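S.K.: Residue-level listing of the chains:
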Amino acid sequence: MPQSKPSISPQGPILRAIETEMERNWNAFQKMPTPPFYLAYEVTEYDTISAAGSFGTLTDSSTGRTRNLDIDLRVGSPKLDNYHPVRGNTLIMLDNFNPVTIPIEDDPAAIRSAIWYQTDQRYKRSIEQWIAIQTNVKVKAENTDKAPDFSSGPTEKFIEPIVKLSAVDRKAWELKVRTYTKPFKRYGNIYQADARISASIETRTFVNSEGSRIQTSQPFYRLSINVFAKADDGMELPKSESWFSTTLAGLPSDEEVLARVNQMAKDLMALKLAPVMEPYTGPAILSPRATGVFFHEIFGHRIEGQRAKNEDDGQTFKDKVGQKILPEFLSVYSDPTLTKLGKTELSGCYRYDNQGIKARRVSVVEKGIFKNYLMSRTPIEGFAESNGHGRRQAGYNVEARQSNLIIVASEAVSREELKKKLTDEVTKAKLPYGLFFDDVQGGFTLPGRERPNSFTVIPVMTYRIYPDGREELVRGVDLIGTPLTTFGKITAAANDPSVFNGICGATSGGVPVSAGGPSLLVSQVEIQKKPKSQERSPILPPPFDDPNIGTWRELIFGGNY
Amino acid sequence: MRRRSFLASSAILPAISQAALPEDTLLKAMRDELKRSLKKLQLENLEKPYFLSYRITETTTVSASASFGALSSSGESRRRLLATECRVGNYTQDNTNFYSARTAFSGVIRIQANFGSSLSLDDDYDEFRRQFWLSTDSAYKQALDDLAKKRAALENRTRTGAPSADFSKEEVVEVTLNKPVDFPTKAKAEALVKQLSALFRDSAHIDNSGVRLDCTNILTRFTSSEGTEFWRNEPGIMLNWYAETQATDGMPITDVESLYVDSMSALPSFEELSKRIKAFQQRLKNLREAKTLSRYAGPVLFEGQAAAELFAQGFATALLGNPRIVVDDQRFEGMFAASAGVFTDKISTRVLPSHMKVTDDPTRKDFSGSYPVDEEGVKAKPTIVVQGGILKRLLNSRALVPGVTDSTASRRASGVAPSNLIVESTKAKPLAELKQEMLQIVKDRGIEFGVIVRRMANPADQFARPRGRTVIFTSGAAGQSVQLSPVIEAFKIFPDGREELIRNIEISSFTTAAFRDLAGVSTEAAPYTAQFRNLRPNPFVGGPISLARILVTYSVPSMLFEDITLQQPAGEIPKLPFIAHPSFA
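If you read the sequences in order, they're chains A and B.
Going letter by letter, the first sequence gives residues 1 to 561 in my numbering.
Going letter by letter, the second sequence gives residues 1 to 585 in my numbering.
Derived by calculation from the structure, the hints in this document are not laboratory data.
Some hints here could point you the wrong way.
Pairwise CB distance ranges, derived in the manner of DEER restraints [stated by the list, open to error]:
{"id": "1", "chain 1": "A", "residue 1": "Arg351", "chain 2": "B", "residue 2": "Pro574", "range": "22 to 30 Å"}
{"id": "2", "chain 1": "A", "residue 1": "Asp95", "chain 2": "B", "residue 2": "Thr160", "range": "48 to 56 Å"}
{"id": "3", "chain 1": "B", "residue 1": "Val181", "chain 2": "A", "residue 2": "Glu19", "range": "56 to 64 Å"}
{"id": "4", "chain 1": "A", "residue 1": "Ile131", "chain 2": "B", "residue 2": "Glu424", "range": "51 to 59 Å"}
{"id": "5", "chain 1": "A", "residue 1": "Pro13", "chain 2": "B", "residue 2": "Pro574", "range": "25 to 33 Å"}
Not everything, but these chain A residues come out facing chain B in the computed CB check (under 8 Å) [claimed, not checked]:
{"id": "6", "residue": "Asn25"}
{"id": "7", "residue": "Trp26"}
{"id": "8", "residue": "Ala28"}
{"id": "9", "residue": "Gln30"}
{"id": "10", "residue": "Pro33"}
{"id": "11", "residue": "Pro35"}
{"id": "12", "residue": "Phe37"}
{"id": "13", "residue": "Thr57"}
{"id": "14", "residue": "Gly64"}
{"id": "15", "residue": "Asn68"}
{"id": "16", "residue": "Glu105"}
{"id": "17", "residue": "Tyr117"}
{"id": "18", "residue": "Asn189"}
{"id": "19", "residue": "Leu540"}
{"id": "20", "residue": "Pro542"}
It should be emphasised that the depicted structure is a prediction, and the values quoted were computed from it without experimental measurement.
Each residue gets a CB set at the ideal place from its N, CA and C atoms; glycine is no exception.
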């Protein structure tokens, strides 16, 4: 693989085009009866190369370039503006999601034409929203949280050279995705084996009416492998691996990937034979990866600031600032400036958020005490300003989102000692076994009030741990619970912190995040049966493994066919 | 093309000849897995498939779009999509034409075969076989499940009306069509759209505009257990431009013009394209300044493109025959009855004046809607749908409609669709005479003017432009009326022959029955090609889907109607832009 050495180009004319149109529109708006008090343009450009393969063959190889325009236009006043939630409005997604593409060439006239057209549309819509909101706040019950709608922010100037995507050898990548998926071919009972490798330069140009001018440009390299098999009872058995780096050289070697591929296949074959778990409640250990997913889903989404303002949200931590919400030995911080944890690069890092606020580390929980929410420029009571966590996928409205969420334990034991603590609890409670959640596929949480405020974590590799230390792989379980109860049952941590990278999807779209921490012992978890496919395995054997028809070689080259 | 006679027996032996079609790994894998499945695929003591087919559409695309002289997007792509069709039961009654309101999709990898699945881009025999194996397994299990449920649903019901088989028996054919591909490189495609879109840089009256070139080659490989096979390579190029503006009172005005050819050499020269774009811009400029018409009821002459669009949207969609669907939950039957088609019960009745004839002809090679075989491998043939004004039959695929026993070879990309529609009349008159006839009606009725419609929007073209200003139009499809696209260009015509441009008009409460009372048609009928969009689609009918464009060429004369109601769109009118366009400020 050629080594990554992205070429650097000077600042493009796009920033000047946006600045010019900002100034022209802003000045003209000031003569209107209802002028905006804030206007921001953000252009997000993606330059992408990717290749995908399946079972040793190529399924996609493409390059692409897109440019999206996001406009934040606020009328009214920072205290009450057109972004104020309209209560009783069920189709809020219509205003939350507004994707706009603009020319991908640096042609000022074409870019300004597109910005002008879209600004006019957005201004008209903002006036409509503003009129509706002024009445809505009068006819509905008073908001519990009386914080304003928009906070002040500092003026930032930061221009980073635009990185160009140039060093990737696409043919070599096409070969890699074939190589990485080829070993799965020999298993007739693995039904999906996909690999995708991609390079993407994200260039964001931000200009607002307060004078901020920001341009950042960052390469991302990703490799993911997704496979799935089925157990004889129809249960789907997925397994995924992924890698992330900000440099081409940071992607794993072929040897490393193939070793992981072989392990994935072995794990799937072991899972096919593993016994199915029955519902269970008792002690369990979460691996660092499981801890990351657990905290991201169950904790992280509940510390996103605007939720404390949303009357439909469960508001788990509202009024809990200064109170103990986790065991004293645990602290949590969210740090978008952190680029690595140990040897692992973090995908949730950025220099400025999508509202032009400089990224900063936020101490969320200190020694078990809740200290801070993650904040965008939407204030909540007690938190008047953004702390650089206003994020979105291009096309969506900004909300406070997680970045790199790290869980730190001040008291930690070795992994072996943690396992010993688990077996002690099992023995003490006279249970047949405890559980170890080694690998998880992901999870989800329901933070609203309409449904139970619960979570589900989806384990892939789960082991029964017997009192004598013996481990047995099992399948067919989901870890469930409610947040406050579960947090109170974390009793110990190991000294083995690790981190995982992923894309988190929520109402402001998909954003790259990281989450990490140590293995944790939870004194009581609950598991339920996993939903199961009702489809039986294929009737015929795989074509290349059909003794009555002939081998695939005979089929190709003649023989008894 | 080599023809083979059809064995008129329900036990159709697979008789695959490999002589006529090009040899390749994919086709070999299709034949081999088809053979294995036919021989061995059977679940316990349940029925084996009586019909199995694989259709693979391989699309290769070069595309580019630009706005105001700058590139908006461009790309090259290649994709192979597999559609597997498996039928159990027999031709008279099988698992299809059935909808289960209670069942989710089936299959090992939770896809329904009808939705297709992506195939490897490498010519890897093993991998193709593996994918055919899983897809066939899914399709077979789904077919068994559906047939059992269908039989159960029919067990306690007595079907009324003319019986029709679920699947027609057709001639076994082998067909190869290899049209040469003449596409531009991506760089050339980009250069063309940039140059054409730059023509809008001096159009101060246009707010938003763009040009798109899309070159797509579709290679379809098909093999079935009946022995029919085809290899059809069809390149297609679409070039279109759109523009948006607002009239002086704020009413949005949008238009899209599309050209369809099968090679770059068939595209008009750059100079000719520039002329067309300039004329397009001028039309929008004229419309901006034109007057509106609040409401009008009286004679309307649809000329040229407008006549063809009106026929396409108001009449051609009624010619599509959908089979009767069995629904396991009778509460859902109403849904399917509504989409059975306007003309389902109009066979042998008069639907046009007695001097008129309509033919669907996919064999017209000079027209864009031609093909040698349809998507089900049925050999193309002309079908007279209306003769002497009388509806003779509907267009249908192998999924039969009541009263017929064969397909009209009308299975196209995403369902039943026309090919080329040719409208003829034994009493056609020169256009000038038709205009005089309309003016006579105007005089006889003592009204101030008549209306000539010269351009109507095409429903598929509406998707050609990116999301922009909301276009307001209100003509709902209330009751039996057809929802027609807005009129783009129309003129008042006064008794002295003077014409006055009018804008923002909709055709109100139009029904297909209006064609029966056509007051006259012209001798002139210039061919017009457009994308066909079924306004009354039945989502559960028609076998595996495809996303290919359906082009139909219409040879339709100008048409005079004695009574049409036109009206201005209702709804709120957006204000004009608050700030001038940056290039024209």
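S.K.: Hints first: check each against the structure and report whether it holds.
M.R.: A quick look at each hint next to the structure:
Between Arg351/A and Pro574/B the C-beta distance comes to about 39 Å, which lies outside the given range of 22 to 30 Å. A beta carbon spacing of about 51 Å between Asp95/A and Thr160/B agrees with the range 48 to 56 Å that was offered as a hint. Distance hint check: the CB atoms of Val181/B and Glu19/A are about 45 Å apart, inconsistent with the given range 56 to 64 Å. Separation of Ile131/A from Glu424/B is about 57 Å and conforms to the stated range, judged on CB atoms against 51 to 59 Å.
The beta-carbon spacing between Pro13/A and Pro574/B, approximately 31 Å, falls within the hinted interval of 25 to 33 Å. Against a cut-off of 8 Å between C-beta atoms, the interface hint on Asn25/A holds, since the closest Cβ of chain B lies about 6 Å away. A least Cβ separation of about 10 Å between Trp26/A and chain B goes past the 8 Å threshold, and the interface hint is therefore violated. Proximity of Ala28/A to chain B holds as hinted, the smallest CB-CB distance being about 4 Å (cut-off 8 Å).
Proximity of Gln30/A to chain B is violated relative to the hint, the smallest CB-CB distance being about 11 Å (cut-off 8 Å). Taking 8 Å as the C-beta cut-off, the interface hint given for Pro33/A is violated, the closest approach to chain B being about 11 Å. Evaluation of the Pro35/A hint against chain B yields a violated restraint, the C-beta minimum of about 11 Å exceeding 8 Å. Given hint, Phe37/A at the interface with chain B, is violated; its Cβ is 16 Å from that chain's nearest Cβ, farther than 8 Å.
The beta carbon of Thr57/A is positioned within 8 Å of a beta carbon in chain B (closest approach about 4 Å), and the interface hint is therefore held. Interface restraint check for Gly64/A: the shortest CB-CB distance to chain B comes to about 6 Å, inside 8 Å, so the restraint holds. Checking Asn68/A against chain B by beta carbon gives a least distance of about 12 Å; that is not within 8 Å, so the hint is violated. The restraint placing Glu105/A at the interface with chain B holds, with a minimum CB-CB distance near 4 Å, inside the 8 Å limit.
Evaluation of the Tyr117/A hint against chain B yields a held restraint, the C-beta minimum of about 5 Å falling below 8 Å. Against a cut-off of 8 Å between C-beta atoms, the interface hint on Asn189/A is violated, since the closest Cβ of chain B lies about 10 Å away. With its C-beta approaching chain B no nearer than about 6 Å, Leu540/A sits inside the 8 Å limit, and its interface hint holds. Because the beta carbon of Pro542/A sits about 6 Å from the nearest beta carbon in chain B, less than 8 Å, this interface hint is met.
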